[in-house]
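Asker: Sequence:
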Amino acid sequence: MYKVMSIILFILMGNLVVAPIDSSNSTDFRKIEHNAFKVGERLTFDLNYGFITAGVAEFHIPKIKRISGREAYHVTFKVNSVATFDALYRVRDTYETYIDVDGIFPWRFEQHIREGGYTRDFSAFFDQRKMKAKTSEGEYEIPQYVNDIVSAFYYARTLDFSTLKINDKINLQNFYKDKVYDLDVVYLGKEIVEVEAGKFECIKVEPLVQEGGLFKHEGDIVIWLSNDELKIPVRVRTKIIIGYIDAELTKYENLSGELTSKR
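Numbering follows the numbering used here, in which position 111 of the sequence shown is assigned residue number 111; successive positions increment by one, without gaps.
Don't read these hints as lab results, they were simulated from the structure. Possibly wrong hints are sitting among the right ones.
Pairs of lysine to any residue, SDA-like flavour, derived with a Cα cap of 20 Å [unchecked claim]: (1) K31 with D102; (2) K204 with L159; (3) K251 with R237; (4) K78 with R120; (5) K31 with E71.
Note that the coordinates shown come from a computational prediction; the quantities given were computed from them, not determined experimentally.
Please put together the full structure from these sequences, using the hints given.
Answerer: Rendered as structure tokens:
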């Protein structure tokens, strides 16, 4: 069951992604103005099943690195089981992405999974000029600005949700493994959410993943983002066979601005 916990944010953030296609000039990149995040930001979450904390997840932007001739945020996402669960099912998952500073799209992605006896290592270079993903498993065509499962989260934080009405949908795309996935994100309004990190007014959204022509059931995943220009995830709720798993914000550091949504 912990394997489900370890992939909550992995699945979630890969679902919250937009890939507008504009191939009129593949060498001229978009520029997105935002104040959603900066180098040094760190977000920490507990992964809870009921009253039991089974793991910890962390997003971090440690530095900027030059890649493919562009400045890129180096972003890491880690999921670890807590010590008391290690004997039962040890998890040490690491994801890395390099996100263009100006355009907020990925250049490179790495995934290193260590879950019990299972291991997986995957990497992809996103050639945003030729619109191809060159992965450790093959080469694939991609739409311009398509995201990986981590860069998606950071791009989503730059979006403006203020004009949306309840049940409005955003049509999205995401690349993972060997294909581009289509999905919708449904806007569900605003709610007050209280977690260890504090009480926040949040934007509530629900991603509906389309794979093989079928959508997952409504309510499988619900996300609460802080209702301010930072849009940090406050809670992620994933439905499982019995009950829910919650990823809840416990700590934030080095934010790019004020959390005006905090109550």
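Asker: Assess, step by step, whether the Cα of K251 is no farther than 20 Å from the Cα of R237, and give holds or violated.
Answerer: holds (18 Å)
Asker: Please verify whether K204 and L159 have alpha carbons no more than 20 Å apart.
Answerer: holds (14 Å)
Asker: Tell me if the straight-line CA distance from K31 to E71 falls inside 20 Å.
Answerer: With Cα atoms ~12 Å apart, K31 and E71 stay inside 20 Å; holds.
Asker: Check the hint pairing K31 with D102 against an upper bound of 20 Å on the C-alpha distance.
Answerer: holds (5 Å)
Asker: Take a quick look at whether K78 and R120 sit within 20 Å of each other, Cα to Cα.
Answerer: Judged against 20 Å, a Cα distance of about 14 Å means the pair holds.
Checked against the numbered hints given earlier, this structure breaks none of them.
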